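Chemist: Protein chains in written order, with the numbering used here: chain A, 499 to 934; chain B, 12 to 246.
Since the hints were made in silico from the structure, they are not lab data.
Just so it is clear, the structure is predicted and the values come from calculations on it, not from any experiment.
Each residue gets a CB set at the ideal place from its N, CA and C atoms; glycine is no exception.
Fair warning: there could be bad hints in the mix.
For lysine-lysine, the following DSS-like pairs were computed, each having C-alpha atoms within a straight-line distance of at most 25 Å [stated by the list, open to error]: (1) A:505 / B:130; (2) A:800 / A:788; (3) A:550 / A:688; (4) A:777 / A:697; (5) A:788 / A:777; (6) A:588 / A:697; (7) A:688 / A:591; (8) A:505 / B:147; (9) A:505 / B:131.
A few chain A positions that, by computed beta-carbon distances, are all more than 12 Å from chain B [unchecked claim]: (10) 510; (11) 808; (12) 814; (13) 902; (14) 926.
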Amino acid sequence: MFVYYFKLGVRSLRRNRFLTALMVLTLAVGVAASVSTLTILHVMSGDPIPEKSSRLLVPEVDNGPPETYNPGTEQDDPQLTYQDSINLLKSGKGVRRTAMFGLYAPLEPPRKDLPAFSAYGMAPTRDFFAMFDVPFLHGQTWTEQDDTRGADVVVLGREMAERLYGSANPVGQRLMLMGFPFTVVGVVDKWNPRPRYYKLIGGDNFGDAEGFYVPLSTAVRHERNQSGSMNCSMRREPGYAALLTSECTWMQFWFETASSGDRAELQEYLDNYIADQRKLGRFKRNAPNKLYDVMEWMDRLKVVDNDSKLSAWLAFGFLVLCLVNTIGLLLAKFSVRASEIGVRRALGASRAEIFRQFLIETGVVGLAGGLLGLVLSFGALALIGMQGSNIAAIAHMDWQMLALTFVLSVAAAVLAGLLPTWRACQVTPAIQLKSQ
Amino acid sequence: MLRMTNLSKVYRTHMIETHALRGFEIDVKEGEFVTVTGPSGSGKTSFLNIAGLLEEFTSGEYILDGVNVKGLNDNARSRLRNEKLGFIFQGFNLIPDLSLFDNVDVPLRYRGFNASERKKRIEEALAKVGLASRMKHYPAELSGGQQQRVAIARALAGSPKLLLADEPTGNLDTQMARGVMELLEEINAAGTTILMVTHDPELAVRTHRNVHIIDGQVSDLVRKGPTLVQTPVTA
Numbered sequence: 499m500f501v502y503y504f505k506l507g508v509r510s511l512r513r514n515r516f517l518t519a520l521m522v523l524t525l526a527v528g529v530a531a532s533v534s535t536l537t538i539l540h541v542m543s544g545d546p547i548p549e550k551s552s553r554l555l556v557p558e559v560d561n562g563p564p565e566t567y568n569p570g571t572e573q574d575d576p577q578l579t580y581q582d583s584i585n586l587l588k589s590g591k592g593v594r595r596t597a598m599f600g601l602y603a604p605l606e607p608p609r610k611d612l613p614a615f616s617a618y619g620m621a622p623t624r625d626f627f628a629m630f631d632v633p634f635l636h637g638q639t640w641t642e643q644d645d646t647r648g649a650d651v652v653v654l655g656r657e658m659a660e661r662l663y664g665s666a667n668p669v670g671q672r673l674m675l676m677g678f679p680f681t682v683v684g685v686v687d688k689w690n691p692r693p694r695y696y697k698l699i700g701g702d703n704f705g706d707a708e709g710f711y712v713p714l715s716t717a718v719r720h721e722r723n724q725s726g727s728m729n730c731s732m733r734r735e736p737g738y739a740a741l742l743t744s745e746c747t748w749m750q751f752w753f754e755t756a757s758s759g760d761r762a763e764l765q766e767y768l769d770n771y772i773a774d775q776r777k778l779g780r781f782k783r784n785a786p787n788k789l790y791d792v793m794e795w796m797d798r799l800k801v802v803d804n805d806s807k808l809s810a811w812l813a814f815g816f817l818v819l820c821l822v823n824t825i826g827l828l829l830a831k832f833s834v835r836a837s838e839i840g841v842r843r844a845l846g847a848s849r850a851e852i853f854r855q856f857l858i859e860t861g862v863v864g865l866a867g868g869l870l871g872l873v874l875s876f877g878a879l880a881l882i883g884m885q886g887s888n889i890a891a892i893a894h895m896d897w898q899m900l901a902l903t904f905v906l907s908v909a910a911a912v913l914a915g916l917l918p919t920w921r922a923c924q925v926t927p928a929i930q931l932k933s934q
Numbered sequence: 012m013l014r015m016t017n018l019s020k021v022y023r024t025h026m027i028e029t030h031a032l033r034g035f036e037i038d039v040k041e042g043e044f045v046t047v048t049g050p051s052g053s054g055k056t057s058f059l060n061i062a063g064l065l066e067e068f069t070s071g072e073y074i075l076d077g078v079n080v081k082g083l084n085d086n087a088r089s090r091l092r093n094e095k096l097g098f099i100f101q102g103f104n105l106i107p108d109l110s111l112f113d114n115v116d117v118p119l120r121y122r123g124f125n126a127s128e129r130k131k132r133i134e135e136a137l138a139k140v141g142l143a144s145r146m147k148h149y150p151a152e153l154s155g156g157q158q159q160r161v162a163i164a165r166a167l168a169g170s171p172k173l174l175l176a177d178e179p180t181g182n183l184d185t186q187m188a189r190g191v192m193e194l195l196e197e198i199n200a201a202g203t204t205i206l207m208v209t210h211d212p213e214l215a216v217r218t219h220r221n222v223h224i225i226d227g228q229v230s231d232l233v234r235k236g237p238t239l240v241q242t243p244v245t246a
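So here's chain B without its partners, still in its complex pose (with noise of 0.2 Å):
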């Protein structure tokens, strides 16, 4: 689903040249939910940003669900996060002034659905998450645990086939916490491919597999047991 190989992410200023990331490998399987994590400056918000096309990597390569995304134009690269990639984000960036129904509509919009077959995909995306009956709500008048409800909602009504997590319970209690945890679990259940970014360990040992970052490289931790026993850096 997603694999890349000896991917560099340099940042450079006048100054200084920073390596947020180097020799970075990681294959990702169709099915598979990864948790990453790493301590702050690691690098994991740089993979994260560039597994979802929103940054461009400086060497290496990325393959995409089978697609090589090096060199591809903004036009190709929006198209290819819109039908491919599903974001949640820790503060779940819902656009507030717009109902649940349109903030789930947003990406189906770019996709060029039309209006039945979009007002299909929003009811169902907002009765998985348990917020069909408020889809004429605005997110400000929902808890912080059903606003990441509808950002997962609308990172699912396209269909996605990766959805990229960047700390989703971050800014959640822990009962709501649990609850969308819950809830990417049976997405991935349901075959969803998800990659999330976290700094709580408790959740990443209910994974298939964490990824560990360390200045700007992969140490994988596989789960044995309760435990998680990291393997040698990979490159």
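So here's chain A without its partners, still in its complex pose (with noise of 0.2 Å):
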């Protein structure tokens, strides 16, 4: 009987064919309405690395000041000092672990028609191109010792490598980097995960892929200053080198774990270590270490802000309006339908039948309401994204949403559909086939 009703319901559509336009209109705006601001929502918030999320982990250790401390409160900025990346990088914890920071430097093209100019780009360890899964397209990522020894090697983002070498291989090329001569090893192939998760303290979570890659020891030898935040809590002697013994936090910190059940042991190692830490007196808040893993990470630095959540609230809010107005329109798409109802039951339809065959069609009513949301959607992201390239990055649809705009409406088109339906099946046949 699925299969009549749908029948019925499509033919349905065909009837009065205003108060359907008027219900498809209604259901498609709420919807579309709805849609867009969750596609926002679950860019901004899905899991950008599923398979390993729970095992890629962040410390958060807490060494401002005493005396601001607020217990309770969390730390202004989750980063770590130099020296407690380097401790922890040594700590051999984890399969992987890498600390990083921002850069922002110049760039001298090997191409005499390009002028020099400057681009962002990060300094991390070799771990972090197999903790992040990051393709290459050519050559691979700097080897061991040139971590260990500073090596003036790079790695290139794919448009940067395009930009400087056409689409040439330039692994072996070399090019000015800080006004120094660096050798290209690798090439990433397109990676530019949104949000950024990896590296969400300083710079734009949505913004666009690294230009560049840097041993961290190579911009530390070069003593290049981070682009991004540093939050300095204690006095600090000026000059490079005490930047790297103070207390300032600028780096960012993550291992990667062979299980989520690992995450135990490396908060038991990350205690012992800032209790060791304190005993030389340093880390005197008192405060807990805290690990997080990606999604949690991206929680505690609200990567979806208040706004984008209220905005989803209020969007859900006028799809409620547009329900209950569909409400209204079903009832009086219904109410015209008495004598059928009359007829149907008078050949045999129970209730139930009733029941069935007009809450099917309301869902088939939801699925033209889901076609054009679907298309007023794709409008709302196209408008939604014309306000910036980042926000544009993030405006786009994918399967799981597109699935959840049908879903939407047809639940939403059913959930409007119970009242009228449920007053459909209360018609009574007798007065309906004698009215007629």
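Two chains, two separate frames, one set of hints: put the complex together.
Modeler: Rendered as structure tokens:
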């Protein structure tokens, strides 16, 4: 009977076309508003690396001054000092570790027709590429020896490589970076996870891909300052060497564990490490040491801001308003079908059958609303995308959202159809048949 | 086929009680063609609705083809209605946006017949009423008489044991009414029991028996030659 009722539902769309169009449009507008805001939320809050997000862990330790400590509140800058980053890198804990900071450095293209320019990049350790599943187009990452000795080697982002070398493989080429000749050892393929969960502090979470990557030790050897935030809650001596031994936090750190079950062991190590450091007179706040996996880290840093959440709630409120309107329209549409209901009841339809028929009909209206809602959602996302390239990058629909559009629309229609359908079932056939 | 014993139907509002039927007794035998007559408000429609399981009665007993219908739930009543009864209404009550084929198909869908069985029954029913060639047409494309024929085909397609007709010729001109009546007589001759409400005394004399209802009670009129003679009220 489902197919029969579905066909009746499609046929019913053609009946009373104005009412039908109004219903479909009302549903579509409500669904489009919800889906477009949900799409943004979905992209912002989705798991960017689901296969290992629970095994990638960020340590947070609070080395701020005790006099400004307010227990229970979150640390202002959850980055690490250079010395802690190096200590944790040397800890051997987890299967991989990386520390990193952002760079903004001058670059002299080998092509004479291109002027020198500055570009954003990163200074991680080599494990970074394996930890975050960074794909390579050419070459590979630098070696452990390069990390150890701070070699002048660079991995280029694909866009940067194409800008500098066109489609040619630049591995082995040399270019001037930060005022020094660097050898290109690899080119990262298209890779720009959004949000940029691996470096959520300093820079745009939804911005462009990194232009280049150099070893952390190399950037430090060249005394490069970080591009991003730094928090110095205590006095420090001037000079780069003093920065490295200071309590200023400016490094971001990740562990990768073999399994998510290793987290407790890592937490224990971190607690012991901080306890040891306290004996050396550091970490006077006695704040808890924390580990965050990828999703917790995104939540901690509020990747999805309150405005986005509020927009989604408002959009859902709007959808509810649309549903209320749809209920009214369905009541009107079904009320003129009372005689048909009477006939069907006389011919053997039970109340349950009438309920099924009309609920499936509302589902068909929902499908039509979903189709139109999809078109409107694409339009809304295009409009949102016109506000800037960063928002354009996340204002796109994937298959999950596409499916959600239809599920939401059909569910909304069925929900709106419950009352009108129930009332349709209550039609007294005898009265309807006589009134014809 | 249909037996009602001491049946009553009371409509209640906050203010008043209306007794539509009281002490109602009727026994319709299988194969009979019975007309039901009576003045407006006498209880004809209540009787037909109860007979057709479209309304519940207040008290008494109603046996339909051996089934005591008292206390049956909506599903059981619907199934019984679908399997044993056929309806013909004064206003035809065809579904306007379904073709003739699909209109006749409606009760068969609820019966759960497969597609080939349904098609065979629809074609046979429409052929019986002389509209086989128009099964793809819509009700609005037909005359009143033709629409009533489709309604008859719809009622017959499920092979009901009892056909309930509520003034089936009331909206038709004399010629069309005659045609519909002849069709009903053919159907009855083929074995289907018919219970027909009518205001037309000419139609009433053509049937086996006339049941006259006054104030919710029955007084049987039997055919005596060309005229009808009233028998005493039975309850």
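Chemist: Decide, hint by hint, whether the structure agrees.
Modeler: Status of each hint after checking the structure:
no.: 1; hint: A:505 / B:130; verdict: holds (17 Å)
no.: 2; hint: A:800 / A:788; verdict: holds (17 Å)
no.: 3; hint: A:550 / A:688; verdict: holds (20 Å)
no.: 4; hint: A:777 / A:697; verdict: violated (31 Å)
no.: 5; hint: A:788 / A:777; verdict: holds (19 Å)
no.: 6; hint: A:588 / A:697; verdict: holds (21 Å)
no.: 7; hint: A:688 / A:591; verdict: violated (30 Å)
no.: 8; hint: A:505 / B:147; verdict: holds (17 Å)
no.: 9; hint: A:505 / B:131; verdict: holds (21 Å)
no.: 10; hint: 510; verdict: violated (8 Å)
no.: 11; hint: 808; verdict: holds (45 Å)
no.: 12; hint: 814; verdict: holds (36 Å)
no.: 13; hint: 902; verdict: holds (33 Å)
no.: 14; hint: 926; verdict: violated (8 Å)
Of the numbered hints listed earlier, those contradicted by the structure are 4, 7, 10, 14.
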